[in-house]
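Fit chain B to the given chain A structure using the hints.
Residue numbers (our numbering), protein chains in the order written: chain A, 1 to 288; chain B, 1 to 288.
It is worth saying that the hints were derived from the structure and are not from the lab.
Please read all numbers here as calculations on a predicted model, not as lab measurements.
Derived lysine-lysine pairs resembling BS3-like cross-links, with alpha carbons at most 25 Å apart: (1) A:Lys6 / B:Lys287; (2) A:Lys90 / B:Lys6; (3) A:Lys90 / A:Lys287; (4) B:Lys90 / A:Lys6; (5) B:Lys287 / B:Lys90; (6) B:Lys6 / A:Lys287.
There are 2 protein chains.
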Amino acid sequence: MRNVTKDNITDVFTAYLGDDTDPRVREVLGALARHIHDFAREVNLTHEEWQVGIEFLTRAGEITTPERQEFVLLSDVMGLSSLVDMLHSKPEATSSSVLGPFHVSNPPPLAIGGDMKRDFEGEVLLVEGVVRDSDGAPIPHAEIDIWQTAPNGLYSSQDEEQDIHSFHGLMTTDENGRYAFTTVRPVSYTVPSDGPVGDILNAAGRHPWRPSHLHYIVSAEGYRNLVTEVFPDDDPYLDQDTVFGVRDDLVMTYVPQAAGTFPEGFEISGSVDDAYSKVSFDLILAKG
Amino acid sequence: MRNVTKDNITDVFTAYLGDDTDPRVREVLGALARHIHDFAREVNLTHEEWQVGIEFLTRAGEITTPERQEFVLLSDVMGLSSLVDMLHSKPEATSSSVLGPFHVSNPPPLAIGGDMKRDFEGEVLLVEGVVRDSDGAPIPHAEIDIWQTAPNGLYSSQDEEQDIHSFHGLMTTDENGRYAFTTVRPVSYTVPSDGPVGDILNAAGRHPWRPSHLHYIVSAEGYRNLVTEVFPDDDPYLDQDTVFGVRDDLVMTYVPQAAGTFPEGFEISGSVDDAYSKVSFDLILAKG
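Isolated chain A, as found in the complex:
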């Protein structure tokens, strides 16, 4: 192996792996090296381009904090995060979609029909649905961790003006698997684009926008956890989500409702006399 060449280096890499290496480590590292080598050979990567890559990673490291994860964002805009989701999504369940970096721990409990809108302004949206198994049977006592942007396009963890738990809630479905809550319509927003990942988007002629969505983590005993998002069918970024999160079965219609029809069973902190919208979205879990 002394004479390493551009044609044998992948074999040399594999030969270096220890005999007692964990088989999965061998598989993943071997494939990673082969794809890195194939990439470099295929594009005939130059020293200058390599240097750009090193500087990119260095800058991403510098900007990353517990609140700002540039490597996750890189994975998101390269489509890797969504691909990993899709590889492990169950066909009999609701599609999974990116977790993203904005989920916070210990969300406050939210009763069925509870008000997540609180004192925020914005178009009122009623959300309801049933958590079901893949045969259609309701799952009682399932837990739904819900979060979304405030009307200003920011998640609570990005916005010092917001309480850390604003637009976060933890709901448990009733005996019929039903969940329901009052909120304001989430808005389209941009991923952080003032760092090195933003520079990639710029160089690629891409925008940093995501279509608006409600974000859920659904869990129930005996079922696989589901991380997913619900998108409205009229969002202008639906067909160009910069993190590749949209799946057909996650797109729903927000149905406009006339003023004065605000239903029983939903709390609201503001007026019940205005027009609002309503979306119904069932969540199907795979057995775990």
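Same frame as chain A, now just chain B:
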């Protein structure tokens, strides 16, 4: 493109690229995304493994400083740095080999036959050779930037005990293209293995050793710069360099010389009466 799937995501990525995107950016980013996606699909990358990758990059970012470049080290041990070298090495010239992170700016001038050993202990080594073009003609006034480890296995930039310019020198070849200097035999050493890249080496059952070498950057007007290394043919790590730097034409014999034969034309700070070794290594530059 709304319904992104694991099978179409690479096409979606390509479709997102702007119409005015620089063709080379399009080529490199497109190939990078395709290989990342193929890698993830091929090994069926799990969320847990993805998380390990994100944590690895985050830790690499945290440990990286101007003196400690963990991303370069990652590229080195994955074979990418060497592959980029080899892709742009000219067959008519001496093979190039990894620059590594230990070169320092503004090396002190070193006269032909000068002493780079200074007051360090160790086996005395005389190094000489001729810088030539690919037709064999000597290149006068070529510049050779030389650096190596101290006998303790550390480069000056790693070792507070050393002057930053110890074992660094900048030489200009004479009218006959000749260079020559006195040093101590460099030693095998380990790349930094106390960080996340060290964890990869451990998991892969690999060691962090590099065979000993002299490091050169050779430049001359009208020729391509050459970054290379010279290895002795009896180094125990010659066939398993952890950064894949060894090429057949860079391996030379350090020829033992009897005590009392120290030649004219070489300076030395210590005794001229002991045994020593000598290596001859011509450096061939491609026209630039």
